[in-house]
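Asks: Residue numbers (the working numbering): 1 to 149.
The reader is advised that the hints may include incorrect statements.
Said to hold, decoys possible - Here are the computed distance ranges between Cβ atoms for each label pair:
#, residue 1, residue 2, range
1, 51, 73, 53 to 59 Å
2, 111, 141, 42 to 48 Å
3, 31, 70, 54 to 60 Å
4, 57, 98, 57 to 63 Å
5, 73, 34, 36 to 42 Å
6, 95, 57, 55 to 61 Å
Source of the hints: derived by calculation from the structure; they are not laboratory data. Ideal placement from N, C-alpha and C gives every residue a C-beta, glycine not left out.
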Amino acid sequence: MDFSIMVYAVIALVGVAIGWLFASYQHAQQKAEQLAEREEMVAELSAAKQQITQSEHWRAECELLNNEVRSLQSINTSLEADLREVTTRMEAAQQHADDKIRQMINSEQRLSEQFENLANRIFEHSNRRVDEQNRQSLNSLLSPLREQL
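The whole structure should be built from the sequences, with the hints applied where relevant.
Replies: This is the structure in structure tokens:
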């Protein structure tokens, strides 16, 4: 009996050792799975943080670009207003210049007509004087002849 108790005790001890080894193996396997899950979660967390950082960067970049667009739109609006003002002034100046040209053409035509009229009057007056002088000369030449006749 002693021997059989010992065998039973050894078998029980081997069973306990096998159970303990099996439990240790399962515990180690669970620890390895937990460690792998933890590493996966750390990697996912790192990727999420990186995405958040990139998202914040692009959000800030988008805000800067939106501000620049608003600034350029404001400048464009101002330049369009300036262009309208300059165009209006240029059109007014062009109209004024056209009016002056028309006035100068009209003045030139009037002066030309006046000059022509004056030249005609001078010519007529000159012709009358020449006619008068010719008549007087002829009279002075013919007067002695008339007296003789």
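Asks: Of the hints stated earlier, which fail here?
Replies: 1 and 5
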